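**Q** Sequence:
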Amino acid sequence: MLALISPAKTLDYESTLPTDEHTLPRLLDHSQELIDFCRSLSATEIASLMSVSEKIANLNVERFRDWSPEFNLANARQAIFAFKGDVYTGLDAYHLKEKDIAFAQTHLRMLSGLYGLLRPLDLMMPYRLEMGTKLHNSRGHNLYEFWGSQITDLINTDLKDAGSEILLNLASDEYYKSVKESKIQAKIIKPVFLDEKNGKFKVISFYAKKARGLMARFMIEHQINEVKALQEFDSEGYFFDKENSTAQELVFKRHEQIT
Numbered sequence: 001m002l003a004l005i006s007p008a009k010t011l012d013y014e015s016t017l018p019t020d021e022h023t024l025p026r027l028l029d030h031s032q033e034l035i036d037f038c039r040s041l042s043a044t045e046i047a048s049l050m051s052v053s054e055k056i057a058n059l060n061v062e063r064f065r066d067w068s069p070e071f072n073l074a075n076a077r078q079a080i081f082a083f084k085g086d087v088y089t090g091l092d093a094y095h096l097k098e099k100d101i102a103f104a105q106t107h108l109r110m111l112s113g114l115y116g117l118l119r120p121l122d123l124m125m126p127y128r129l130e131m132g133t134k135l136h137n138s139r140g141h142n143l144y145e146f147w148g149s150q151i152t153d154l155i156n157t158d159l160k161d162a163g164s165e166i167l168l169n170l171a172s173d174e175y176y177k178s179v180k181e182s183k184i185q186a187k188i189i190k191p192v193f194l195d196e197k198n199g200k201f202k203v204i205s206f207y208a209k210k211a212r213g214l215m216a217r218f219m220i221e222h223q224i225n226e227v228k229a230l231q232e233f234d235s236e237g238y239f240f241d242k243e244n245s246t247a248q249e250l251v252f253k254r255h256e257q258i259t
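So for the sequence shown, UniProt numbering puts the first residue at 1; every next one is plus one.
The set of hints was computed from the structure by calculation and includes no laboratory data. These numbers come from a predicted model, not from an experiment. Beta carbons: idealized from backbone N, C-alpha and C, even for Gly. Take these hints with a grain of salt, some might be off.
Unchecked claim - With beta-carbon atoms standing in for the labels, derived distance ranges:
1) 160 - 74: 33 to 39 Å
2) 148 - 205: 26 to 32 Å
3) 173 - 222: 24 to 30 Å
Stated by the list, open to error - Using 20 Å as the maximum straight-line C-alpha spacing, the simulated EDC-like pairs for lysine to aspartate or glutamate come out as follows:
4) 228 - 249
5) 253 - 234
6) 197 - 256
7) 200 - 241
8) 190 - 86
9) 253 - 236
10) 134 - 174
11) 228 - 241
12) 202 - 165
13) 134 - 54
14) 190 - 158
15) 134 - 36
16) 9 - 62
17) 97 - 20
18) 183 - 165
19) 134 - 173
20) 180 - 145
Whenever a hint applies, use it, and build me the whole structure from the sequences.
**A** Right, dumping it as structure tokens:
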């Protein structure tokens, strides 16, 4: 099983790293092309393009300027420890065991607007470039056209290398759109997480994002390779809803949280 998750806007380059072990992203030539283009943009253009404040736009100007493919632990850190958001709160990578990280390196992938597809231990310099950004480039009008089949091809390579016949889609729609689903050489499973609110079950963004991270952690810790084993997922009160699930979509529910 190979699981896909989205990156996060919030980054952590301060916490003490639990390991120095690292690898390098495999699509850096493409990343460099994007960086070169982004360096031509002014802070005002970045603010408009990314719908961010002037402060964040200026920060990104600095990041694009300082970016270098010569990664080391002084200027970069492993992706699984660098991202900090709801998904990564659920994943809680800093408390994974060494054997879990090793399993994740083969069975977990992070989609990225700048790096395409990251392994957990791939080093990355800080950036902000969401996959949905309408960045006109030499290959098209947005990042989906820029990446083309590159991400999908690498996913298929990783599926083959891991001996996996299942792709677990734990990514957001924005990021999963970068995957050409019809070309994936595996069965695709998409979990759906529903939380109870006023007596009705529905997707609540914050909870759903965290649940994706929780399931990624569950898969890693139990070294899951079969769909049936995913049905045992019960982290933080979630339970499998067999009646409303299908062969491709696994529904998990959780009763309303009392605070």
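**Q** Decide, hint by hint, whether the structure agrees.
**A** To see whether the hints hold, each was checked on the structure:
A C-beta distance of roughly 34 Å is found between residue 160 and residue 74, which places it inside the suggested range of 33 to 39 Å. The hint said 26 to 32 Å for the Cβ distance between residue 148 and residue 205, and at roughly 29 Å that hint holds. In this structure the supplied range 24 to 30 Å holds for residue 173 paired with residue 222, their Cβ-Cβ distance being about 27 Å. Only pairs whose Cα atoms come within 20 Å are accepted, and residue 228 paired with residue 249 is accepted, the gap being roughly 12 Å.
Between residue 253 and residue 234 the alpha-carbon distance is near 10 Å, which keeps this suggested pair within the 20 Å criterion. About 6 Å separates the Cα atoms of residue 197 and residue 256, which keeps this hinted pair within 20 Å; it holds. Distance restraint check for residue 200 and residue 241: the Cα-Cα separation of roughly 14 Å lies within the 20 Å cut-off, and the hinted pair is therefore satisfied. With a CA separation close to 18 Å, the supplied pair residue 190 and residue 86 stays within the 20 Å bound.
For the proposed pair residue 253 and residue 236, the alpha carbon gap of about 11 Å is at most 20 Å, so the pair holds. The hinted pair formed by residue 134 and residue 174 meets the criterion: a straight-line CA distance of about 12 Å does not exceed 20 Å. The hinted pair formed by residue 228 and residue 241 meets the criterion: a straight-line CA distance of about 13 Å does not exceed 20 Å. Distance hint between residue 202 and residue 165 is unfulfilled; the C-alpha atoms sit about 30 Å from each other, more than 20 Å.
Proposed proximity of residue 134 and residue 54 is supported: the alpha carbons are some 19 Å apart, at most 20 Å. Taking the CA atoms of residue 190 and residue 158, the gap is about 18 Å. The hint holds against a cut of 20 Å. The straight-line distance between the Cα atoms of residue 134 and residue 36 is roughly 16 Å, inside the 20 Å bound, and the hint therefore holds. Under the criterion of a C-alpha separation no larger than 20 Å, the hint pairing residue 9 with residue 62 is consistent with the structure, at around 16 Å.
Taking the CA atoms of residue 97 and residue 20, the gap is about 14 Å. The hint holds against a cut of 20 Å. Straight-line distance between C-alpha atoms of residue 183 and residue 165 comes to about 13 Å, which keeps the hinted pair within the 20 Å bound. Between residue 134 and residue 173, the direct Cα distance comes to roughly 16 Å. Compliance with the 20 Å bound is thereby established for this hinted pair. The straight-line distance between the Cα atoms of residue 180 and residue 145 is roughly 11 Å, inside the 20 Å bound, and the hint therefore holds.
Hint violations for this structure: number 12 only, all remaining hints satisfied.
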